[in-house]
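Engineer: Here's the letter readout for the chains.
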Amino acid sequence: MSLRELIQTQIEDDTKRVLPKDLTNGQLLWFVHTLNAGHGRLLQSNRETAMARNFSCYNGVVIGSAFFNSAGESYGPTSMVAGTTQSTPTVVTNIYFPSYQGACSGQPYGTGGLGLTYQWTSYNINAVTISGSNAMDYASLYGAGAGTAEVDVLVTDQYNCTAGAGGNTTVTPKLQLTLGNQHGSIFVGTDTHLSTPNSFFATVLPTGGTFTEASSASGDTFAPVQSGGPGWVVTTKTQSASNGDRKLTVTYTVSGQNPVSQSLNVTARQFAYLTNNSPSNICTLGYGTKRVYTYTPYTHPDKTAVQAGIGVTDTAVTESFNLPPPAGTETGSGVLDANSQFTDTLAYCSTSPLPGSPTVTQTFSIEGYQVRQNTLAYSSTGITYASLGPTQ
Amino acid sequence: MRQSGASLKYAALPFLVALLFGVSGVMAGNQSKTQSAPENKILDTKVPEFELHNQTLVDGLWKLARGPEPFAFGFERVLKKRLSDPEMQDPGFSLQLKNKTVREVLDALCQADSRFTWSMDGATVNVFPRAVANDPTYLLNRKLAKFELRNATDVQDGLLAIVHQLPPPIEQVANSQVGGADPYPPEPWTVILENVTIRQVINQLAAHGGPSGIWIFGGANDFRSFGFFNTHPSPWLLKSKESRPEDTRP
Numbered sequence: 000m001s002l003r004e005l006i007q008t009q010i011e012d013d014t015k016r017v018l019p020k021d022l023t024n025g026q027l028l029w030f031v032h033t034l035n036a037g038h039g040r041l042l043q044s045n046r047e048t049a050m051a052r053n054f055s056c057y058n059g060v061v062i063g064s065a066f067f068n069s070a071g072e073s074y075g076p077t078s079m080v081a082g083t084t085q086s087t088p089t090v091v092t093n094i095y096f097p098s099y100q101g102a103c104s105g106q107p108y109g110t111g112g113l114g115l116t117y118q119w120t121s122y123n124i125n126a127v128t129i130s131g132s133n134a135m136d137y138a139s140l141y142g143a144g145a146g147t148a149e150v151d152v153l154v155t156d157q158y159n160c161t162a163g164a165g166g167n168t169t170v171t172p173k174l175q176l177t178l179g180n181q182h183g184s185i186f187v188g189t190d191t192h193l194s195t196p197n198s199f200f201a202t203v204l205p206t207g208g209t210f211t212e213a214s215s216a217s218g219d220t221f222a223p224v225q226s227g228g229p230g231w232v233v234t235t236k237t238q239s240a241s242n243g244d245r246k247l248t249v250t251y252t253v254s255g256q257n258p259v260s261q262s263l264n265v266t267a268r269q270f271a272y273l274t275n276n277s278p279s280n281i282c283t284l285g286y287g288t289k290r291v292y293t294y295t296p297y298t299h300p301d302k303t304a305v306q307a308g309i310g311v312t313d314t315a316v317t318e319s320f321n322l323p324p325p326a327g328t329e330t331g332s333g334v335l336d337a338n339s340q341f342t343d344t345l346a347y348c349s350t351s352p353l354p355g356s357p358t359v360t361q362t363f364s365i366e367g368y369q370v371r372q373n374t375l376a377y378s379s380t381g382i383t384y385a386s387l388g389p390t391q
Numbered sequence: 000m001r002q003s004g005a006s007l008k009y010a011a012l013p014f015l016v017a018l019l020f021g022v023s024g025v026m027a028g029n030q031s032k033t034q035s036a037p038e039n040k041i042l043d044t045k046v047p048e049f050e051l052h053n054q055t056l057v058d059g060l061w062k063l064a065r066g067p068e069p070f071a072f073g074f075e076r077v078l079k080k081r082l083s084d085p086e087m088q089d090p091g092f093s094l095q096l097k098n099k100t101v102r103e104v105l106d107a108l109c110q111a112d113s114r115f116t117w118s119m120d121g122a123t124v125n126v127f128p129r130a131v132a133n134d135p136t137y138l139l140n141r142k143l144a145k146f147e148l149r150n151a152t153d154v155q156d157g158l159l160a161i162v163h164q165l166p167p168p169i170e171q172v173a174n175s176q177v178g179g180a181d182p183y184p185p186e187p188w189t190v191i192l193e194n195v196t197i198r199q200v201i202n203q204l205a206a207h208g209g210p211s212g213i214w215i216f217g218g219a220n221d222f223r224s225f226g227f228f229n230t231h232p233s234p235w236l237l238k239s240k241e242s243r244p245e246d247t248r249p
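Same order as they appear, the protein sequences are chains A and B.
Numbering that gives the first Met the number 0 applies: residue 0 is where the first sequence begins, and numbers increase by one.
Numbering that gives the first Met the number 0 applies: residue 0 is where the second sequence begins, and numbers increase by one.
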């Protein structure tokens with residue numbers, strides 16, 4: 000491009016201005032819009048003396064300030080829960096053509112920068128730590144404990160110009176409750192063997208705070224778990240009216256911090272009725288019958304079978320009779336097994352003919368709640384069994 | 000090993016020599032007079048607290064056997080003469096023991112109801128009437144030079160084998176119970192025992208259903224019956240029930 004030609008032919012620029020015809024000196028600033036994309040020089044020549052000389056210099060852009068993305072997003076997260084990780088927005092720098100060699104400010108040019116390095120710092124690592132790299136244009140913040148931390152980033156360019164940005168993050172204590180079973184259930188009763196499904200546990204950060212427990216049902220009590228705590232065994236004598244209506248709430252207080260609470264919604268299930276299989280007669284002694292029944296307990300209000308493996312193993316199943324069974328008949332109460340079922344043998348089986356006997360009523364109870372009555376009619380042919388319910 | 004209660008140490012000597020080892024193949028007596036590990040483990044177990052309130056000896060046994068160290072036991076009631084005779088009431092008593100061993104609790108129980116004494120057969124505690132301890136005609140004292148059981152899948156198979164292998168006439172025995180169970184593993188069980196009493200055979204029959212097999216013998220001289228219970232079934236039983244059978248609504 001010839002400056003002489005621009006002056007002599009009065010070529011207009013984008014704003015319709017022209018250079019004065021008598022222009023003999025001035026200052027020239029030129030650049031290309033794409034960084035490092037253009038190279039050039041200013042050539043001054045004199046035809047009369049057949050002399051020419053070059054003028055050229057180079058200076059890249061520098062950073063002057065930093066902020067969190069071009070949409071004007073501010074620093075974050077300003078709050079988070081201990082034990083969680085959240086990312087900050089991406090940090091962006093404003094760039095300038097420096098006013099002079101070595102300057103870190105000048106004519107604004109846009110955003111970006113070359114050869115930038117980042118250094119993130121938390122000024123309260125008890126509350127916030129930088130998770131992973133602290134040298135990227137964003138940071139992952141980990142809530143290490145309760146409190147407030149100032150988190151800053153320092154951006155440095157290749158000319159050692161710097162820009163900073165940051166803010167405060169407040170971390171609240173973590174409280175997470177987990178029930179001892181996967182079925183959202185607790186069981187009505189006081190048998191210690193119900194402690195497994197009736198347990199729930201708290202995961203907290205930081206540790207060392209204090210807990211308070213509450214239930215939406217009056218009369219429910221809480222006792223610390225034997226192991227795996229912090230956690231509690233809830234004992235209830237009141238059945239839920241509807242599924243999931245029982246709310247167990249724990250409040251956790253860390254010194255100097257606001258208390259945090261969490262609730263679990265569970266169903267307080269009461270043993271209510273049984274179903275059973277239909278076993279065949281396996282008496283092989285010659286006279287009578289022997290049948291081994293497998294019973295599955297159901298609960299109210301959900302009318303659901305007690306799930307296998309829910310943890311009610313060894314919960315007592317008692318049976319009683321309105322009249323004594325025939326002489327020589329042994330009776331024995333049972334317990335729920337790991338499948339949450341129990342077996343009951345009805346045997347009146349002998350190598351010689353059986354004496355006839357009366358009909359008795361057998362009653363099963365679990366946790367004190369009557370769950371089934373059967374009539375057992377003893378005769379010389381064995382036991383005739385009939386259920387009296389309940390059926391739901 | 001067989002170990003007797005304090006009051007039976009001499010009286011029951013003839014029955015103390017039949018020893019059992021293992022659960023399959025041939026088992027013979029007179030193996031050793033030293034106490035076996037299972038016996039010691041059971042009898043020396045400390046019971047922090049043991050209380051009975053106007054309860055019977057068998058109530059106490061159930062309670063003890065479900066304690067810190069569950070164990071198998073066989074309990075033999077005092078038989079009525081005839082089934083039609085009035086029921087015999089077992090005396091109730093109260094006990095309050097602290098930090099005693101199982102052995103000491105068994106002694107205390109048999110002191111409280113002095114009709115009974117106890118002994119040990121392998122890992123099974125046997126409690127039976129003193130009055131029959133030396134009675135060779137009493138069913139459970141009778142001896143078999145050889146007891147052979149083949150392909151048993153239920154405890155009844157063992158009872159049937161006993162009555163068929165005793166000298167004639169065929170003895171009456173029954174399995175009469177309401178409640179509990181002591182089911183056998185599905186795989187047929189074959190065992191041969193030598194020089195054993197019927198009590199020892201019954202111990203083995205009960206133990207095959209699981210380590211905490213409990214049996215109770217009662218009734219009358221003209222109707223003798225057993226009940227078999229196991230409150231801690233073996234893992235195979237739970238595995239076999241992993242798929243619950245289709246229930247029928249009551």
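Hints are computed from structural coordinates only; laboratory data are not their basis.
Here the structure is a predicted model, which is why all the values come from computation and not from measurement.
Honestly, I wouldn't trust all of these hints.
[Said to hold, decoys possible] Partner residues are not named here, just some residues of chain B that face chain A (Cβ under 10 angstroms, in silico):
1) Arg76
2) Glu86
3) Asp89
4) Pro128
5) Ala132
6) Pro135
7) Leu158
8) Leu159
9) Val172
10) Pro182
11) Pro184
12) Glu186
13) Phe228
Think of the CB as a built atom: it goes at the ideal place given N, C-alpha and C, for glycine as much as any other residue.
Engineer: Identify every previously stated hint that the structure contradicts and give their numbers, smallest first.
Structural biologist: Per hint list: 3, 4, 5, 6, 11 and 12 violated.
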